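Participant: Sequence:
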Amino acid sequence: MAWRWRLLICVLGAWAGLAGCGEAGGILNPSFVAVLSGSDQAASVPGNAPGIVIYVHNQTDRWATMTISYRDQDGSVQQYTTTLNPGDKSGQLRLCPIEEITLGSVADLREVGVRVGASTGARPADLASAAVIEVEPFGVLLRDQVNYLCGDSLTFVVRPSTSRPSSASGFETLVYFRYGSGG
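Residue 353 in our numbering sits at position 58 of the sequence shown, with consecutive numbering throughout.
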């Protein structure tokens with residue numbers, strides 16, 4: 296929640312700087328401000344440019360790293376990794392179009408996208424030397440206009456496995472969709 300307030304302060308600062316130029320209205324559209332404040336609305340970024348919010352949520356009792364990979368409108372593969380403490384959730388806003396997205400790698404669906412600390416006492420600060428459990432690959436390529444639309448949000452989750460029999464790692468990954476007004 297703290298990141299939302301920091302982002303809101305930055306947006307307000309930019310708005311104040313542009314207010315004299317007549318561009319402030321495009322920066323603070325109501326949808327964008329509502330998403331920053333934690334509402335359930337779909338994301339709309341400054342100037343009404345469509346965006347997609349991508350969340351990662353660690354529902355385990357250990358730290359986890361989650362790698363998001365996506366293909367942008369130019370066909371370039373982009374990726375980022377987020378480290379989360381137990382129970383933490385983090386999100387990033389990306390401008391559309393995002394042609395494809397997955398947890399792991401859009402170029403290789405067999406690539407591991409989530410690593411969980413092997414013990415509950417491990418600290419994210421010790422990542423370089425910490426033992427990890429590689430969670431089975433997510434293995435699904437989500438596509439624009441098929442699985443999601445710009446304006447939607449996706450939440451990738453890692454949690455203890457609930458399937459029978461349990462996965463080899465003891466964890467599972469899944470995705471939740473929140474459809475925006477266009478979906």
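There could be a bad hint or two in this list.
Derived CB-CB ranges, DEER-like [claimed, not checked]:
hint, residue 1, residue 2, range
1, 367, 426, 20 to 26 Å
2, 426, 370, 22 to 28 Å
3, 456, 369, 36 to 42 Å
4, 385, 434, 28 to 34 Å
5, 423, 369, 30 to 36 Å
6, 456, 392, 30 to 36 Å
7, 387, 441, 37 to 43 Å
8, 441, 414, 35 to 41 Å
9, 382, 462, 29 to 35 Å
Keep in mind the hints are simulated off the structure, nothing from the lab.
Here the structure is a predicted model, which is why all the values come from computation and not from measurement.
Every residue, glycine too, gets a C-beta built ideally from N, C-alpha and C.
Participant: Which hint numbers doesn't this structure obey?
Facilitator: 1, 2, 4, 7, 9
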